Each structure stands twice: as C-alpha cells, then as structure tokens.
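Colleague: As a plain string of letters, each chain reads:
Number of protein chains: 2
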Amino acid sequence: MNSFDNVSVVKKANVYFGGKVTSRAVLFPNGEKKTLGIMMPGEYEFGTEDKEIMEIMAGELDVMLPGGENWITVKGGQSFEVAANSKFKLVVKELADYCCSYIK
Amino acid sequence: MNSFDNVSVVKKANVYFGGKVTSRAVLFPNGEKKTLGIMMPGEYEFGTEDKEIMEIMAGELDVMLPGGENWITVKGGQSFEVAANSKFKLVVKELADYCCSYIK
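From first to last, the protein sequence lines are chains A and B.
Take the first sequence: its letter number 65 is residue 65 in the working numbering, and every next letter is one higher.
Take the second sequence: its letter number 20 is residue 124 in the working numbering, and every next letter is one higher.
Among the clues, some could well be false.
To be verified - Cβ-Cβ distance ranges computed for the label pairs, FRET-style:
1) B/Met161 with A/Asp5: 18 to 28 Å
2) B/Glu153 with A/Asn85: 42 to 52 Å
3) B/Gly171 with A/Asn85: 49 to 59 Å
Treat the hints as calculated values from the structure; they're not laboratory data.
Quick caveat: nothing in here was measured; it's all calculated off a predicted structure.
Note that the Cβ used here is the ideal one computed from N, Cα and C, for glycine as well.
With these hints in hand, go ahead and build the complete structure from the sequences.
Modeller: Shown next, in the form of structure tokens:
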C-alpha cells in the first residue's frame with residue numbers, strides 16, 4: 001500500500017524535540033488514526049496512550065521497549081509494537097521515515 | 105481549513121538535504137497536488153517545475169525569489185508564490201511547517 005486513500009490529513013505538523021521529530025495525523029473514515037512522521041538521528045523517549053504499531057519505512061534505530069532489557073535494532077521495512085500507557089526509548093541512527101498506528 | 109478531507113496521502117516521505125527538508129504528497133480528487141513539509145533551520149535552493157504557492161503555517165524564513173534583488177521575510181501565516189521552471193533560495197531561521205500547492 002503506497003498511499004492512504006479517502007482520508008483526512010491534518011494540515012499542521014506535530015513538532016517534538018525541537019523539530020527533530022515531526023509528524024502529521026491521518027484520519028480514516030472508520031475513525032482509525034495514524035501518524036506519518038520523520039525522526040532525525042538522536043535519542044528520544046516517548047509515552048503512549050493507545051497501543052502503537054510503529055512501522056519503520058526507511059532508516060534505522062534501536063528501541064528499548066517498556067520493561068525491556070535489551071536494545072532491539074529496527075530497520076526500514078520492519079515494525080514494532082508498544083503497549084498502551086507505557087514509555088519507550090529510541091536511538092535513531094539513520095533518518096527514520098515512519099508510520100504509527102494507534103490501536104484502540 | 106484545518107485538514108484536507110477526502111484525499112490520498114503518499115506514505116513515504118520525500119527527503120531532501122539529508123532530511124533537513126522533508127515532505128509528504130497529498131493528492132486531491134480533482135487531480136490537484138500539494139505537499140505538507142518541514143524545513144529545519146538552514147539554507148536551501150529549490151527548483152520549480154510547476155508554479156508553486158508556499159504557505160508558511162509556522163516558523164520564519166527569508167526568501168530570494170527568482171530574479172529578485174532583496175530577501176523577503178516570511179512568517180507563519182504568510183505565503184509566497186514562485187514561478188514555474190525557476191529557482192529560489194530560502195534561509196530558514198525558525199523551523200518552518202509549510203504547505204506547498206502546485207499550480208498547473
């Protein structure tokens with residue numbers, strides 16, 4: 001799937017970490033929400049409200065999942081899940097183009 | 105208008121200048137195309153094919169339009185136009201969140 005069709009896109013970007021992480025919200029007719037975003041190389045900690053599925057379309061990062069003990073390397077074409085109401089850490093090693101799905 | 109509705113969004117980002125400028129394409133039912141993008145502070149030169157209307161939603165930059173002699177400051181909430189098949193220079197002073205419309 002190269003594009004999301006019949007969706008709404010929020011014009012204004014979400015800007016985090018001084019712009020090193022930015023995203024835009026995509027809203028689906030069934031109420032589902034995703035964000036399409038870019039992470040520059042750097043270290044970040046994020047908190048979740050919903051369960052999230054992070055699809056890394058390009059780039060490379062290491063992720064420390066909630067309660068995890070080891071860093072996991074994730075490359076373009078791979079995904080990872082994060083539980084709701086938790087925190088996870090990322091070390092982005094190569095500019096990451098991502099799609100995050102929020103699961104209610 | 106806070107969102108674009110009933111559109112298609114290309115999943116993969118367009119990445120320029122090592123990721124300091126990124127955008128995503130939004131395609132409208134009538135064939136119109138816009139990109140929503142982020143420019144980190146820095147200096148850039150762009151070339152146009154179509155005429156472009158650049159709406160700066162947030163941030164601040166100086167633009168040197170094709171054939172121009174002076175830098176023009178553009179802030180969030182302001183726009184500028186660039187002729188087709190031309191080049192323009194930008195000095196982004198504050199992270200810019202933009203919407204670019206391509207006019208056939």
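Colleague: List in ascending order the numbers of the hints, as given earlier, that are violated by the structure.
Modeller: Violated hints: none at all, because every hint is consistent with the structure.
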